[in-house]
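A.B. asks: So the protein sequences, as listed, match chains F and A.
For the first sequence, position 116 matches number 116 in the numbering used here, and the numbering has no gaps at all.
For the second sequence, position 64 matches number 302 in the numbering used here, and the numbering has no gaps at all.
Hints listed in this document are in silico derivations from the structure and should not be mistaken for laboratory results.
As the structure is a computational prediction, the values presented were derived from the model and not from experiment.
Don't be surprised by glycine CBs; every beta carbon is placed ideally from N, CA and C.
Misleading hints may appear alongside valid ones.
[To be verified] Residues of chain A placed beyond 12 Å of chain F at every Cβ, according to the derived structure:
id	residue
1	S242
2	R261
3	D264
4	D270
5	Q277
6	D300
7	L321
8	Y330
[Stated by the list, open to error] Some chain A residues close to chain F (C-beta under 8 Å, calculated; not the full set):
id	residue
9	D354
10	L361
11	M364
12	T368
13	T372
14	L386
15	E390
16	L393
17	E397
18	A401
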Amino acid sequence: MNPATHTRTQPAEPAPVRPALLSCRNVAKRFGGTAALRDASMDVAVGEILAVMGPSGSGKSTLLHCAAGILTPDSGEVLFDGSSIASLGDARRSELRRTAFGFVFQFGRLVPELTCVENVALPLRLSGAGRRDATRQAVSWLARLEVDDVAVKIPGQVSGGQAQRVAVARALVTEPRVVFADEPTGALDSLNGERVMQLLTSSARETGAAVVLVTHEARVAAYADREVVVRDGCTPGR
Amino acid sequence: MSISKTMLGLLEAGPSHGYDLKREYDETFGIDRPVAYGQVYASLLRLLKHGLVTVDAIEPGDGPERKRYAITEDGVADVEAWLAQPEKPDLYLQSTLYTKVVLALRSGRSAVEVLDTQRAEHLRLMRELTRRKTVGRLADQLICDHALFHLEADLRWLELTAARLGQLGREVAA
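So that you can see chain A by itself, here it is in the shape it has in the complex (with noise of 0.2 Å):
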C-alpha cells in the first residue's frame, strides 16, 4: 500500500502535523503494522517536493518546530486519480503451497500431510482474526473480513486440490 498516497488522503480532512498523521494512519490502516516515523516525515517531504502539500504553519515545540501539513489543489486531484485507478488483482500463479504439493507428490511424499496441515494453519490463522474482529471496531472488523475472505479462498482451492489429488499425482508421474 502506497503510504504517500494514504497520507495525502488523510490529509484531506484538513491540515495536520506528522505525529498526528502517524497517529491516525497507525489507528486506521496500520493494525499490524504501524507505520515508522521515517517513513511518515520521509513521505511528506516527497509530497512537499512535488507541490501535492504545502506547510500550512510551524509551531514551537517542547523540542524541534512543528510543521503542520496541508494538501494542496494538484494534492487533492492526486487522491482522486488515484481512487478511480483500479488496483492490479493480486495474482498467486507462484504459490508456493501448489510447488510442495507437487514435489510431495514427486518424491512419493504424501501431498494429503501437505494440504491438511496447512488448512490447520489457516484454519487457527482464521479463528484468530475472528476473535479480533469480534472485539474490534467496525474498521477493524473490514480489515479482518478481507483477510479472512482471501483465506477462505486459499482453503477452497486445498479442498478442490484435495479432491483432485489422484489426477494431479498421475499428470506428474507421467
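Isolated chain F, as found in the complex (with noise of 0.2 Å):
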C-alpha cells in the first residue's frame, strides 16, 4: 500500500453527544482582500465549555464575532437555539447579545468612568432592570469572583486582574446561556490568569452557561471540555 493513503487513528476525542445550542457551519468572511474565514464550522452544546485555538491571525476571534452575531458571515450560517442569527432584524439581534450572550474580552472593556458595580449592574439596567434589584445582583456576582471589595472603585483604581473578574461578573450577571470569551487571560500573568479561569469555568458550570473560550494559551485551552482547531481560517477535522 502506498504509504500516502495510509489513514489515521482519530484521537481519542468524544464527539459531543448533547444536542447543539450554537452551531457555525461553513461560515466564510473576508475584509476587503484579505479572507479572515475560509471554511469553519463548530458546534456548542448547552453547558459546554469549547476551547477555539489557533495561531494569531488565524481567524479565531473573527469565528467568535460572527457566532456571537457581532459580525455577519459573507456565506455559511450560524444557528443558536436552531435559528439563524442572520435571518433576525437588527433590534432582536442586539437583544439576543445583551440577554442570552455574555462577553469577556482581553482587556476588560470596563465602562471607565462607571464605577465596577456600577459597570456588572449595566446589562440589567439595559434590559429594564431596576436600580436596586440591578445593584444587588450586581454585589453578589462580585462576591462570587471575590471582587466585591472593589465595588465602588472606578477601573482605573483596580488591578487588571480585578477589571477582568469584574468583567466576567458583568458578562454572568444576565445569566446568559453562552458567555464568548476572547483571550480573556491575554493581559495577566499566570496566577491571575489562571484564578479568572477557575473563576469563569466554575461559574459557567454552576449557572449552566456554554462558553465558547477563544485562547492561543494551551494551559488556558485545558479548562475547556473540548477544543476546535483553526488554522489559516479552516476547521480542519471538523
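Join these two chains into a complex; the hints should help.
C.D. replies: Structure (C-alpha cells):
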C-alpha cells in the first residue's frame, strides 16, 4: 500500500452527545481582500466549554465574532437554538447579545467612568431592571468573583486581574446561555490568569452557561471540555 | 528523582519510621508513583551504611520490631549540598515526535496529521491535569502546574513545527 494513502487513527476525543445550542456551519468572512475565515464550523452544546485555538491571525476571533452575531458571515450560517442569527432583525440580534450572550474581552473593556458595581449592573439596567435590584445582583456577582471589595472603585483604580474578574461578573450577571471569551487572560500574569479561568469556568458550570473560549494558550484551553483548532481560516477535521 | 535524598530530606523534620516515611513521601511527592516499601527500606539501609541516618529507637510492634530513623549531621550536610546543586536541565534532542515528523515527510505521509494527533493527546492530558489541580491541595497544584508548563512547551514546539513543515519537507527531500 502506498504510505500516502494510510489513514490515521483519530484521536480518542468523544464527540459531544448533547444537541448543539450554537452552531457555525461553513462560515466564511472577508475583510477587503483578506479572507479571515474560509470554511469554519463548530458546535457548542448547552453548558459546554469549548476552546477555539489557533495561531495569531488564524481567524479564531473572527469566528467568535460571527458566532456571537457581532459580524455577519459572507457565507455559511450561524444557528442559535436552531434559528439562523442572520435571519433575525437588528433589534432582535441586539436583544440576543444583551440577554442570551455574555462577553469577556482581553482588556476587560469596562466603562471607565462607572464604578465596578455599576459596570456589572449595566447589562441588567439596559434590559430594564430597576437600579436597586440590578445593584443587588451585581454585588452578589462581584462577591462570587471575589472582588466585592472593589465595588465602589472605578476601573482605573483596580488591578488588571480585578478588572478582569469584574468583566467576568458583568458577562455572567444576566445568566446568559453562552459566554464568549476572547483571550480573557491575555493581559494577565499566570497566577491571575489562572484564577480568572477557574472562576469563569466554575461560575459558567454553576449557571449552566456554555462558553466559547478563544485562546492561543494551551494552559487556558485546558479548562475547556474540548477544543476546535482554526488554521488559515479553516477548522480542519471538523 | 533520588528517593534516598528525598527520604533524607523528610527526616530533617524529625525522626520517623519507614512506614511513616513512605506515607509522607506518597502524600507529598508520589501522586502517580507511590514508592514501594522495598525501595523505602533499601534507601534507609543505604543511608544507614553511609552514616547519613542512624537508628534512633527500636520499638516493639505487632510483627517485627519497628526501627525509628534519625538524620545525622552528615545527613543534614548531604541534604544541604543536594539542595544547593542545580539539576541538569532535561534535553529532548532525541525526540520521538521529531523523528515521527521527519519519517512522515520522507515517506509521503501527512506530517500535519502526526502533529494534530499529538496536539489532541497533549490537550487531553492537560485537561485531566487541570481538573486534578482544580480540586487538589496546593502541593498537587504545583506538581500539576510543573507538568502543564512542560506540556505547553511541547505544544508550542508542535505549533512552530506545523508552521515550518513546508521548509522541513524541502530539506528532508533534498
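A.B. asks: Compare the structure with each hint and give your call.
C.D. replies: Hint by hint, here is what the structure shows:
With a least CB separation of 33 Å from chain F, A:S242 remains clear of the 12 Å interface cut-off, as annotated. At the 12 Å boundary, the C-beta of A:R261 stays outside the reach of chain F, the nearest C-beta of that chain being 30 Å off. With 12 Å as the threshold on Cβ separation, the claim that A:D264 sits away from chain F holds: the shortest Cβ distance comes to roughly 26 Å. Non-interface status of A:D270 relative to chain F is upheld: no Cβ of that chain comes within 12 Å, the nearest being about 18 Å off.
For A:Q277, the non-interface assignment is confirmed: its Cβ lies about 32 Å from the closest Cβ of chain F, beyond the 12 Å cut-off. For A:D300, the shortest C-beta to C-beta distance to chain F comes to about 45 Å, beyond the 12 Å cut-off, and the non-interface label holds. For A:L321, the non-interface assignment is confirmed: its Cβ lies about 25 Å from the closest Cβ of chain F, beyond the 12 Å cut-off. Every C-beta of chain F lies more than 12 Å from that of A:Y330, the closest at about 17 Å, which supports listing it as non-interface.
At about 7 Å, the closest approach between the beta carbon of A:D354 and any beta carbon in chain F falls short of 8 Å, and the interface hint on this residue holds. The interface hint given for A:L361 is met, as the beta carbon of that residue sits about 6 Å from the closest beta carbon of chain F, less than 8 Å. Residue-level restraint check for A:M364 holds (minimum Cβ-Cβ distance to chain F is 4 Å; threshold 8 Å). Below 8 Å, beta-carbon pairs count as interface contacts, and A:T368 has one with chain F at about 4 Å; its hint therefore holds.
Checking A:T372 against chain F: minimum C-beta separation of about 6 Å stays under 8 Å; hint holds. Interface hint at A:L386: satisfied, since its Cβ lies 6 Å from the closest Cβ of chain F, which is below the 8 Å cut-off. Interface hint at A:E390: satisfied, since its Cβ lies 5 Å from the closest Cβ of chain F, which is below the 8 Å cut-off. The beta carbon of A:L393 comes within 4 Å of a beta carbon in chain F, closer than 8 Å, and the hint placing it at the interface holds.
A least Cβ separation of about 6 Å between A:E397 and chain F falls short of the 8 Å threshold, and the interface hint therefore holds. Interface restraint check for A:A401: the shortest CB-CB distance to chain F comes to about 7 Å, inside 8 Å, so the restraint holds.
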